[in-house]
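Q: This is what each chain is made of:
There are 2 protein chains.
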Amino acid sequence: MSNFKFSTLAMKMKSSIIRELLKSTNLPNVISFGGGVPDPGTFPREILAKIASEVISDEYQVSLQYGQTEGDPLLREAYLDMMKNGEGISGLTLDNIMITVGSQSALDLVSKVLLDSDSIYFISKPAYLGAASAFSVRSDHHEYMELTETGIDTDALEKRLVELKDEGVIHKVKFVYVVPNFHNPAGVTLSLEKREKLLELAEEYDFGIIEDDPYGDLRFEGEPIEPIFKLGDKERVLLLRTFSKILSPGMRLGFVIGNERLLQKLTLAKQSADLCSPTLTQRIAARFIMKHDFSDHLKPTIALYKEKKDLMLSELKKRFADLPGVSWTKPTGGLFVWLTLPEGFDTLEMMDLAKEKGVLFIPGESFSIDGCCNSSMRLSFCLPPHDKIIEGVRRLRETVQEYGKRRGLL
Amino acid sequence: MSNFKFSTLAMKMKSSIIRELLKSTNLPNVISFGGGVPDPGTFPREILAKIASEVISDEYQVSLQYGQTEGDPLLREAYLDMMKNGEGISGLTLDNIMITVGSQSALDLVSKVLLDSDSIYFISKPAYLGAASAFSVRSDHHEYMELTETGIDTDALEKRLVELKDEGVIHKVKFVYVVPNFHNPAGVTLSLEKREKLLELAEEYDFGIIEDDPYGDLRFEGEPIEPIFKLGDKERVLLLRTFSKILSPGMRLGFVIGNERLLQKLTLAKQSADLCSPTLTQRIAARFIMKHDFSDHLKPTIALYKEKKDLMLSELKKRFADLPGVSWTKPTGGLFVWLTLPEGFDTLEMMDLAKEKGVLFIPGESFSIDGCCNSSMRLSFCLPPHDKIIEGVRRLRETVQEYGKRRGLL
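Going down the list, the sequences are from chains U and F.
Just so you know, the first sequence maps onto residues -5 to 404 in this note's numbering.
Just so you know, the second sequence maps onto residues -5 to 404 in this note's numbering.
None of these hints come from the bench; they were simulated from the model.
Small disclaimer: the values here were computed from a predicted structure and weren't measured.
Don't take every hint at face value.
If several chains are the same, the list does not tell them apart, and a pair holds so long as it fits within one copy or across any two.
Derived DSSO-like pairs: lysine-lysine, alpha-carbon spacing no greater than 30 Å straight-line [unchecked claim]:
| no. | residue 1 | residue 2 |
| --- | --- | --- |
| 1 | 166 | 119 |
| 2 | -1 | 224 |
| 3 | 324 | 159 |
| 4 | -1 | 119 |
| 5 | 349 | 191 |
| 6 | 191 | 224 |
| 7 | 153 | -1 |
| 8 | 349 | 224 |
| 9 | 166 | 44 |
| 10 | -1 | 78 |
| 11 | 285 | 44 |
| 12 | 166 | 6 |
| 13 | 349 | 311 |
| 14 | 311 | 153 |
| 15 | -1 | 159 |
| 16 | 191 | -1 |
| 17 | 399 | 349 |
| 18 | 166 | 8 |
| 19 | 311 | 159 |
| 20 | 349 | -1 |
| 21 | 382 | 44 |
| 22 | 166 | 78 |
| 23 | 224 | 293 |
| 24 | 224 | 312 |
Assemble the whole structure, with the sequences as input and the hints as a guide.
A: Below, the structure is given as structure tokens:
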């Protein structure tokens, strides 16, 4: 028994379903479509091993020492260069970028710097729960945005903003949080038209936009859509990027790009949160992107994930086409397929049976602060090898079949 | 101009004096006694370079991948072994230890999990400002404990606890925060007697003890005093340790040891704060302590810091013995000397002159939430090489001399 007296916040904290599920990931014979966990085969391990050894031997005065709270200046500069050359985003200085312990830490800092207990923020439904969880530490006043094939419903958003204005609380709206590319979990991408509309709304109703973009670089097909950050400006938009899905999640490197004054505040919050990010992983990443063409490095990763995505889609078609009322997204990038079963199916309840059958997914309910998407599930195709994708989808069909029969749904 | 609307918390955030000062650390010709920054010569760089290369090449599926929020099981186990063999602290399992991004992150998590806005916590005066800053994010209700040569004044603490009980708010006291060994900034060590007294008070008045111990392993002389954690139990005491001063701060490895239920809550808070600590630096550290005797590794570090400490003390004696009213601590471990000038000296105001003279220290005022220690300063002896310590103390004397004359104090 602990004699420590917990805070009200701590009493509210509950272990997430995803967290509990991922514990089963390492069970033998279980095929996991669960976590958004990269294929370790995509990590450039031999290059990183060599660089790590070099930066420790030769640059130990930096790579093993305390560093700036804002992050390694070398990495920040190299990253800005990459943005300039790769995406044409220019006009940024070291004051516009900081490095965090993955994007999750950035979300936590954003929450501290922008949210009061009565602040309102907008988040999609379903949503990336890590964001919802970081924000809800500081405020309970979330507003949902429904998702369509082209991302959040901006018309509905506008309607709700008008209502909030009429209610006299529009000034409490701090930001709209969006995952514009290959949304987690829904897989959809925000259209150019809606990005522009969102910027207009931000101007009109005076709120910020948090553009969380972990998957944008993992595009398999089609042309990239300009980041909201580029369409708008850094005074309105804070851009979050990460190396977790495209280099190595274990290095925990998130990038926060935005307005100087906001960055200063985030830096102060970071100072109190962890003093500074690990200098070692930052310097390794800096040397990696300075010496290697990042888009070359990404090509085999994109090819592999496209192959796995195609395989999962074709297996889903093979196994589920005959089941009326089952649908799934056809992502053109990212890591996830969002599969929806007919009404009456409860994917959370289905989990026990799925575990018995040896397949894991994340039930739709996990992607909401207060309930949604009971009949949906998120399937991640990036980690399992090809034969496991085939076998996993087979097991999933078996699970759905058996659960559906038991519940009289099929 | 940022269009983002900051939180009340963000509006209160101010850049710390330490932070601003440390920016001057890298100026040429400036000798810094400022940050508690280890001598990079103590980093076992060749061993770490080899291990880093190996764990990336051979263990990339762990070292570059997402890891458990609680931390690398291998490192947690190896650390518990070290505690058992080195300190005789046993009976702990993996559920009693988690790994954070340095101790600062642990302090932030402790703050989230234990403090409500009306919670009371006790902290020394002067205090490690990183702790004060993490706690004050959640509560403004700090109570100060004066420091003596043997650590916090437990009699005064008891008196204040009685008052709080009489006022009917004793249940709001969540914890007493102590740095028991070689206190930052004061350099003092909490006596065995007072450790036991503190535990008695914790039982009687039902609060927790946060034992933050970054310096305990850096003992130059005398016998170690048992950790409060060992004298008491994990239900009352949460122990924070770190590799920042004894292996490498850039690896950002903090260890939190305590009760299972408290650790569970801290883990949930960490999940929302950064998902997991970097797996790479954790695995490197795990392999390091599994293959190398840590106390052997520490011997040259301790010898070096003792030498520097002795040098600083002898130089202080040489330069300041003739100045009446000047005193300084004689640390038997850690990184800091706490020097106090006669009344009337304002070490913060003295900073500009010190910079001109080319020497840096941290003014006493920096170690308090709302003012204290104006005539004191913290001097760190660990980073500058021997000749710079000699020259730095000479410049310090010059600064004090000149400032004192200008102000009519000498």
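Q: Tell me the hint numbers this structure goes against, listed in increasing order.
A: 3, 5, 8, 9, 14, 19, 20, 21, 22 and 24
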